[in-house]
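Once you have looked at the hints, place chain B on chain A.
Number of protein chains: 2
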Amino acid sequence: MDVRALVFDVFGTVVDWRSGVAREVRRVLGPGVDAHAFADAWRARYVPSMERVRTGDLPWTPLDELHRISLDEVLANLGRTDVDAATRDELVLAWHRLDPWPDVVPGLTRLARSHVLAPLSNGNVALIVDLAKRAGLPWDLVLGAEIVQHYKPDAEVYDAAPRLLALAPSEVLMVAAHVDDLAAARGRGLRTAYVHRPDEFGGMRVPPVSDPDADLSVGSLVELAERLGA
Amino acid sequence: MDVRALVFDVFGTVVDWRSGVAREVRRVLGPGVDAHAFADAWRARYVPSMERVRTGDLPWTPLDELHRISLDEVLANLGRTDVDAATRDELVLAWHRLDPWPDVVPGLTRLARSHVLAPLSNGNVALIVDLAKRAGLPWDLVLGAEIVQHYKPDAEVYDAAPRLLALAPSEVLMVAAHVDDLAAARGRGLRTAYVHRPDEFGGMRVPPVSDPDADLSVGSLVELAERLGA
Numbered sequence: 037m038d039v040r041a042l043v044f045d046v047f048g049t050v051v052d053w054r055s056g057v058a059r060e061v062r063r064v065l066g067p068g069v070d071a072h073a074f075a076d077a078w079r080a081r082y083v084p085s086m087e088r089v090r091t092g093d094l095p096w097t098p099l100d101e102l103h104r105i106s107l108d109e110v111l112a113n114l115g116r117t118d119v120d121a122a123t124r125d126e127l128v129l130a131w132h133r134l135d136p137w138p139d140v141v142p143g144l145t146r147l148a149r150s151h152v153l154a155p156l157s158n159g160n161v162a163l164i165v166d167l168a169k170r171a172g173l174p175w176d177l178v179l180g181a182e183i184v185q186h187y188k189p190d191a192e193v194y195d196a197a198p199r200l201l202a203l204a205p206s207e208v209l210m211v212a213a214h215v216d217d218l219a220a221a222r223g224r225g226l227r228t229a230y231v232h233r234p235d236e237f238g239g240m241r242v243p244p245v246s247d248p249d250a251d252l253s254v255g256s257l258v259e260l261a262e263r264l265g266a
Numbered sequence: 037m038d039v040r041a042l043v044f045d046v047f048g049t050v051v052d053w054r055s056g057v058a059r060e061v062r063r064v065l066g067p068g069v070d071a072h073a074f075a076d077a078w079r080a081r082y083v084p085s086m087e088r089v090r091t092g093d094l095p096w097t098p099l100d101e102l103h104r105i106s107l108d109e110v111l112a113n114l115g116r117t118d119v120d121a122a123t124r125d126e127l128v129l130a131w132h133r134l135d136p137w138p139d140v141v142p143g144l145t146r147l148a149r150s151h152v153l154a155p156l157s158n159g160n161v162a163l164i165v166d167l168a169k170r171a172g173l174p175w176d177l178v179l180g181a182e183i184v185q186h187y188k189p190d191a192e193v194y195d196a197a198p199r200l201l202a203l204a205p206s207e208v209l210m211v212a213a214h215v216d217d218l219a220a221a222r223g224r225g226l227r228t229a230y231v232h233r234p235d236e237f238g239g240m241r242v243p244p245v246s247d248p249d250a251d252l253s254v255g256s257l258v259e260l261a262e263r264l265g266a
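Protein chains in written order, with the working numbering: chain A, 37 to 266; chain B, 37 to 266.
Everything labelled a hint here was simulated from the structure, so no lab data went into it. Check each hint, because a few of them may be wrong.
To be verified - Negatives, chain A to chain B, calculated, CB over 10 angstroms: (1) Ala73; (2) Val83; (3) Ala122; (4) Ala220; (5) Pro234.
Claimed, not checked - Which bits of chain B does chain A cover? Going by a derived footprint, with three or more residues having C-beta under 8 angstroms, they are: (6) 151-162; (7) 171-183.
Predicted model only: the values in this text are computed from it and were never measured. Backbone N, C-alpha and C fix where the C-beta goes; we use that ideal spot for every residue, glycine too.
Next up, chain A with everything else stripped away, as it sits in the complex (with noise of 0.2 angstroms):
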């Protein structure tokens, strides 16, 4: 493989939602709520809501806005009408706010040296940014959703990354911890490694350890880096 650049999917991948948005729930809202419960009630409304993106139901709607929106419907299931705009303007940005896994900042501080490295995430760029300056993540410049006004796993997400790099697909790697993400990828012609992220559900969905389909299956950003001899 002559892969010149590497493009990260971020949530799951690369942070973990899950705690991060659990912390948060609890700092803003206070003990009387499930933080973990909520995380994941407000997690399985992210893909429904960039569906109605990519058929066309909404316009372009950064994920800032999509996650407001499905913060809005799980405080109305839980018939917490008493929070106020201001605190859930805070709580959308829990998102912004997530710890990465603790092989990330020493698997990507190795791989910056030989590669170009940068998110390829459905986050808009705000949030990705404010990521990456409280983590420290060493990325080259954020590549992903809004800068082509499509959700993944639409084409001009994958396609963007080489075309703005002036590379091949095919020096192009693709990391996640998601296999469909992958497929959609190879699909456009990028290669692919697969992070196994056990904890990324807490226990509550087991991912498969490794994907057959990818290139390289590893188990952190640390073996990826030995892996490309990074």
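Same frame as chain A, but now just chain B:
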């Protein structure tokens, strides 16, 4: 000024294009060419080449391709029909291998602790990433012309910075060594900082020491960090 993000012009403001292009021209074409005159002739075609895109005479064309068209003209004017296509492609990469002014890395490193930093250049993304990787420029993301398929001073380029960063235009500071770039940014509501780069044109053209219309005028990015309390 409550500035959250700084966006930078690159050619002349961050990197010394004239010395770098001359160095690469000398390396690739040998000592028989006046390398600085070659760099000046090539750069003289920069604004007119983008005007062809801005006026619709050409469809969107990344700067690397405009540089190649301009290079062919410069070589034709010198009667250098002997320079083959591979050598021309190599010469275009001169613009990917420019050195920053000496204050840039220390200045950006200080500014990055408290502000989001991004290039806002007419250079294509691959070029800007190559420059940053080579020089160690700590950008948080890459903004600029290619993302929106418009060249500065089109409004779309400036407007994309606050839009993608989810900031008010007045929370974004445009930093440039060129008063026309700053005037266009100001027209879109951005704050502006002028950097005096007396050596950009090797003494052939002398830029003003300050820009009375800018919010700030500084002599270096280290001074800019001091002025912003970074």
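Evaluated hints:
1. Ala73: 29 angstroms, holds
2. Val83: Since the minimum Cβ distance to chain B is about 23 angstroms, valine 83 of chain A lies beyond 10 angstroms and the statement holds.
3. Ala122: Given a closest Cβ separation of 17 angstroms, the condition holds.
4. Ala220: At about 22 angstroms from chain B, alanine 220 of chain A clears the 10 angstroms cut-off, so the statement holds.
5. Pro234: 31 angstroms, holds
6. 151-162: Result for this restraint: holds, n = 4.
7. 171-183: holds (count 6)
The structure meets every hint from the earlier list without exception.
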